[in-house]
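Taken in sequence, the protein lines are chains R and D. Here the first sequence is numbered in this note's numbering, starting from 1 and rising by one per residue. Here the second sequence is numbered in this note's numbering, starting from 1 and rising by one per residue.
Calculated directly from the structure, the hints in this document are not laboratory data. Just so we're clear, the structure is a prediction, and the values are computed from it rather than from any experiment. We treat Cβ as the ideally placed atom computed from N, Cα and C, and that holds for glycine. Heads up, a few of these hints could be off.
Unchecked claim - Here are some, though not all, of the chain D residues that point toward chain R, as calculated from beta-carbon distances under 8 Å:
#1 Phe-42
#2 Ala-46
#3 Phe-58
#4 Ala-94
#5 Met-97
#6 Trp-141
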Amino acid sequence: MRIKLDTSALRESSWGGHALRFAIGGLVTVAVGLFTKATSAKAGGLMLAIPSIVPLGIALIARLQNRKAGPGARGDRGRHAAILEATGASCGTFGLLAFAVVAWQLLPRTTPWIALPAATVAWAAVAAGVWLARKSHQAVSRA
Amino acid sequence: MFFMCDKLGRAAKKATTYTRSSRAGNRMVNFLTVGELVARFFLGGALVAIFAVIGDLFTPKSFAGLFAAAPSVALATMLLTLHKEGASFVAVEARSMIVGALAFTAYASVVAWVLHRRRPRPTPIAVAALAVWGVVAAAGWALFVRPL
Numbered sequence: 001m002r003i004k005l006d007t008s009a010l011r012e013s014s015w016g017g018h019a020l021r022f023a024i025g026g027l028v029t030v031a032v033g034l035f036t037k038a039t040s041a042k043a044g045g046l047m048l049a050i051p052s053i054v055p056l057g058i059a060l061i062a063r064l065q066n067r068k069a070g071p072g073a074r075g076d077r078g079r080h081a082a083i084l085e086a087t088g089a090s091c092g093t094f095g096l097l098a099f100a101v102v103a104w105q106l107l108p109r110t111t112p113w114i115a116l117p118a119a120t121v122a123w124a125a126v127a128a129g130v131w132l133a134r135k136s137h138q139a140v141s142r143a
Numbered sequence: 001m002f003f004m005c006d007k008l009g010r011a012a013k014k015a016t017t018y019t020r021s022s023r024a025g026n027r028m029v030n031f032l033t034v035g036e037l038v039a040r041f042f043l044g045g046a047l048v049a050i051f052a053v054i055g056d057l058f059t060p061k062s063f064a065g066l067f068a069a070a071p072s073v074a075l076a077t078m079l080l081t082l083h084k085e086g087a088s089f090v091a092v093e094a095r096s097m098i099v100g101a102l103a104f105t106a107y108a109s110v111v112a113w114v115l116h117r118r119r120p121r122p123t124p125i126a127v128a129a130l131a132v133w134g135v136v137a138a139a140g141w142a143l144f145v146r147p148l
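The shape of chain D in the complex, shown without the other chains:
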């Protein structure tokens, strides 16, 4: 898989179709080529789907739930960013990810607790609780990440 990612990253590097609309648009996708965006989409989607299929294979179902917190988006992003920005840039991202992961713990715990105690419909709670992730991540950003 890592070999495949290497190929994808190189393909993204070769593609040089830059967006040339406005100055703001150029700033936004300054180093993100269309090829790189496509590579991100396919690699991220593939890793998420692969981890989900692996999770489906396991019983009991609470063990399969571990794969809902698989580092699929992180792996795809890191693999493609390494080619452009280098290991030190990705290491900084990984350090911030610690706070994101703590926010994820809060999110999943809140969802499990509310579903257990209040017996609501699961999907609206799982979506609404994303606000918990946002609040904890923002607090962690302000307290720990930003001052670094």
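So here's chain R without its partners, still in its complex pose:
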């Protein structure tokens, strides 16, 4: 299966959904900052990988797909879309792991302006790599 850019999905998504993501993302970032100040860097670090936006993403994608399918589908299309979202997120978490390791190792050694972009590149590379490995494993299993 090929990875493609599809701008039509942007027309389907609502401004309300983006605004909700913005608000929740902002509130979680504030909460993480306050939690770190109230506790310690060690405890606050755990919260940097909180799945804050996943439930909202799943709710939005399930609602959109169910609306497309109509009432006869009994929510199957939305559930399938939610499974794909959660499966993708589980691959992405390995990227998050790589992000944390690279940031931990590079921050004391180089400037943050090298360490954080490098960690972000590590996230993208590992997440995409795990996703591709999973897809090719599925293809081999089916054959």
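Position chain D against the provided structure of chain R, taking the given hints into account.
Same frame as chain R, but now just chain D:
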């Protein structure tokens, strides 16, 4: 983007409106100015929204799901914390984040598995499974992070 974050961080530093209510309140927001809280809100919100829009652009949808686990909150927090606390403080946070990320893997796997096997409504499962993240993160904290 990193240049923009630098500007935001400096703006937060300049703002000196401290909360002066109770002693406990002062302890809580000891170094977090109102300006810094606003900067955190806008930077965190913007990064979450940007990663979500990028995710919307990709097909297949399972690939787009990768962006649900983007390091948006982590990047926003680290960028703003670097200005106040320095790189060694953020490195400690990043080390603890490894355990948080493992808990996130458990959370996402449980959500995908339950939706696949049991066919429930997706949203309540995605919310309820946050408890899995909490339990795994707490166990990881007790076993690996706290003794360090």
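Hint check:
This hint holds: D/Phe-42 has a C-beta 6 Å from the nearest C-beta of chain R, less than the 8 Å allowed. About 7 Å separates the beta-carbon of D/Ala-46 from the nearest beta-carbon of chain R, less than 8 Å, and the hint is met. Nearest Cβ of chain R to the Cβ of D/Phe-58: about 6 Å, under the 8 Å cut. The hint holds. Annotation: D/Ala-94 was flagged as interfacial toward chain R, and the flag holds, the nearest CB pair being 4 Å apart, inside 8 Å.
Annotation: interface hint on D/Met-97 holds; nearest CB of chain R at approximately 4 Å, less than 8 Å. A distance limit of 8 Å between C-beta atoms decides the matter here; for D/Trp-141 the minimum to chain R is near 6 Å, and the interface restraint holds.
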